[in-house]
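S.K.: Line by line, the protein sequences are chains A and B.
Per numbering that gives the first Met the number 0: the first sequence = residues 0 to 192.
Per numbering that gives the first Met the number 0: the second sequence = residues 0 to 46.
No wet-lab data here; the hints were simulated from the structure.
Even glycine gets a Cβ: it sits at the ideal position worked out from N, Cα and C.
Any given hint might turn out to be false.
Some residues of chain A that are not near chain B, with every Cβ distance over 10 Å (derived) [as the list claims (entries may be wrong)]:
1) I4
2) E18
3) E22
4) T33
5) L45
6) K62
7) G64
8) K90
9) E117
10) K118
11) E135
12) M172
13) L176
14) I188
When the alpha-carbon atoms are kept at most 25 Å apart in a straight line, the in silico SDA-like pairs for lysine to any residue are as follows [to be verified]:
15) K155/A to P137/A
16) K15/B to V84/A
17) K19/A to M77/A
18) K29/B to I165/A
19) K29/B to K155/A
20) K32/B to E142/A
21) K29/B to I79/A
22) K122/A to E142/A
23) K181/A to F23/B
24) K17/B to I125/A
25) K19/A to N92/A
26) K37/B to K122/A
27) K11/A to V14/B
28) K56/A to N44/B
29) K62/A to D52/A
Per label pair, the in silico range of CB-to-CB distance [unchecked claim]:
30) K40/B to D52/A: 14 to 22 Å
31) K122/A to S30/B: 51 to 59 Å
32) E22/B to K118/A: 16 to 24 Å
33) M148/A to L45/B: 48 to 56 Å
34) V33/B to R27/A: 22 to 30 Å
35) V33/B to D52/A: 52 to 60 Å
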Amino acid sequence: MELRIEDSQLVKEYINGSEKAIEVLINRHNARLTGFIYSKLGDRELTEDIFQDTFMKVIRTLKRGAYNEEGKFLPWVMRIAHNLVIDHFRKNNRMPMYGETESFNIFSMMGDERLNAEKQLIKDQIDSDLANMIRELPQDQQEVLEMRMYKDMSFKEISDNTGVSINTALGRMRYALINLRKLVEANNIVLTN
Amino acid sequence: MEKIYANKKDRCKLVKAKPETIEFLLNYSKSLKVTEAKGIKFESNLN
Chain A
0 MELRIEDSQL VKEYINGSEK AIEVLINRHN ARLTGFIYSK LGDRELTEDI FQDTFMKVIR
60 TLKRGAYNEE GKFLPWVMRI AHNLVIDHFR KNNRMPMYGE TESFNIFSMM GDERLNAEKQ
120 LIKDQIDSDL ANMIRELPQD QQEVLEMRMY KDMSFKEISD NTGVSINTAL GRMRYALINL
180 RKLVEANNIV LTN
Chain B
0 MEKIYANKKD RCKLVKAKPE TIEFLLNYSK SLKVTEAKGI KFESNLN
């Protein structure tokens, strides 16, 4: 059975000079903290920055001997991350604040993002037309187009998955789009909602 | 179109900080020294 050292013990060891202890703490809470920050920001690069700033603050506080929340390491770290996220929004004025007034109702801002019945029908038709046209493409072009557009894969990932060079994958994508445009024109299909 | 979603199931990776970020933090930790003089704490970075 694997022996798990408690966070509080690792914190003590780190304060007493064990650099290994902070490595264990960072790796132990990496996914949880990154997920927490990402859920607030929705941006991978920013998440990375806030994660780094959070642990820099943790390290400084521990080294200065200013940590006094023994046994509650993760909530403390999360709180630091949360405050840094708030700071980020403040700095960028990106935290929208709405107050209800006589002329403004908060519910007017809270739209239902679902399409109405007519737009849904049009969207279904477009999806179906597009799917039929994609099926007309050569297999290799279909494959690249589906990976790029539907699975959001990078050309490097497509190259790794299909065993062709990045340039070949780019070329296939280019021809897939050219051929799709030809099919759209040839069939007089309107692909707008 | 259903085959689009069934080809590779391991594409969804857990969001985690990059190894370079962890490496940076560990180096930062090693290089940061806090010294105290007359009740005031001084931070110095030995990099």
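S.K.: All hints, please: hold or fail.
M.R.: How the hints compare with the structure:
Look at I4/A: its CB is around 18 Å from the nearest CB on chain B, clear of 10 Å, so calling it non-interface holds up. At roughly 6 Å from the closest C-beta of chain B, the C-beta of E18/A falls inside 10 Å, breaking its exclusion from the interface. Its closest Cβ contact with chain B, about 6 Å, brings E22/A to no more than 10 Å, contrary to its assignment away from the interface. Distance to chain B contradicts T33/A as a non-interface residue, since its nearest Cβ pair spans about 5 Å, not more than 10 Å.
With a minimum CB-CB distance of about 12 Å to chain B, L45/A clears the 10 Å threshold, and the non-interface call stands. Listed as outside the interface, K62/A is inconsistent with that label: its C-beta sits roughly 5 Å from the nearest C-beta of chain B, within the 10 Å cut-off. Residue-level check failed: G64/A sits 8 Å from the nearest beta carbon of chain B, not beyond 10 Å. Every C-beta of chain B lies more than 10 Å from that of K90/A, the closest at about 21 Å, which supports listing it as non-interface.
In this structure E117/A is separated from chain B by more than 10 Å, as the shortest Cβ-Cβ distance comes to about 23 Å. Listed as a non-interface residue, K118/A keeps its Cβ farther than 10 Å from every Cβ of chain B; the least gap is roughly 20 Å. With 10 Å as the threshold on Cβ separation, the claim that E135/A sits away from chain B holds: the shortest Cβ distance comes to roughly 13 Å. Its beta-carbon lying about 15 Å from the closest one in chain B, M172/A satisfies the requirement of being farther than 10 Å from that chain.
No beta-carbon of chain B is positioned within 10 Å of the beta-carbon of L176/A; the least distance is around 17 Å. No Cβ of chain B comes within 10 Å of the Cβ of I188/A; the nearest lies about 17 Å off, and the non-interface call holds. A threshold of 25 Å between alpha carbons decides the hint, and for K155/A with P137/A the separation of about 21 Å falls inside it, so the pair holds. The straight-line distance between the Cα atoms of K15/B and V84/A is roughly 17 Å, inside the 25 Å bound, and the hint therefore holds.
Of the pairs offered as hints, the one joining K19/A and M77/A holds, with about 21 Å between alpha carbons and a cut-off of 25 Å not exceeded. Between K29/B and I165/A, the direct Cα distance comes to roughly 40 Å. Violation of the 25 Å bound is thereby established for this hinted pair. About 36 Å separates the Cα atoms of K29/B and K155/A, which puts this hinted pair outside 25 Å; it is violated. Straight-line distance between C-alpha atoms of K32/B and E142/A comes to about 54 Å, which puts the hinted pair past the 25 Å bound.
About 21 Å separates the Cα atoms of K29/B and I79/A, which keeps this hinted pair within 25 Å; it holds. Taking the CA atoms of K122/A and E142/A, the gap is about 23 Å. The hint holds against a cut of 25 Å. Distance hint between K181/A and F23/B is unfulfilled; the C-alpha atoms sit about 51 Å from each other, more than 25 Å. Distance check on the hinted pair: K17/B and I125/A sit about 39 Å apart at the alpha-carbon level, beyond 25 Å; violated.
Taken as a hint, the K19/A and N92/A pair is broken in the structure, with Cα atoms around 39 Å apart against an allowance of 25 Å. Proximity of K37/B to K122/A is assessed by CA-CA distance (about 72 Å); at most 25 Å being required, the pair is judged violated. The suggested pairing of K11/A with V14/B is violated, with an alpha-carbon distance near 28 Å, which exceeds 25 Å. Proposed proximity of K56/A and N44/B is supported: the alpha carbons are some 14 Å apart, at most 25 Å.
For the suggested pair K62/A and D52/A, the alpha carbons sit about 15 Å apart, so the restraint of at most 25 Å is met. At about 20 Å, the beta-carbon gap between K40/B and D52/A stays in the expected band of 14 to 22 Å. Our hint of 51 to 59 Å for K122/A and S30/B holds, since their Cβ atoms are close to 55 Å apart. At about 49 Å, the beta-carbon gap between E22/B and K118/A misses the expected band of 16 to 24 Å.
Our hint of 48 to 56 Å for M148/A and L45/B holds, since their Cβ atoms are close to 50 Å apart. Between V33/B and R27/A the C-beta distance comes to about 24 Å, which sits within the given range of 22 to 30 Å. In this structure the hint that V33/B and D52/A lie 52 to 60 Å apart at CB is violated, the actual value being about 18 Å.
Checked against the numbered hints listed earlier, the structure breaks hints 2, 3, 4, 6, 7, 18, 19, 20, 23, 24, 25, 26, 27, 32, 35; every other hint is satisfied.
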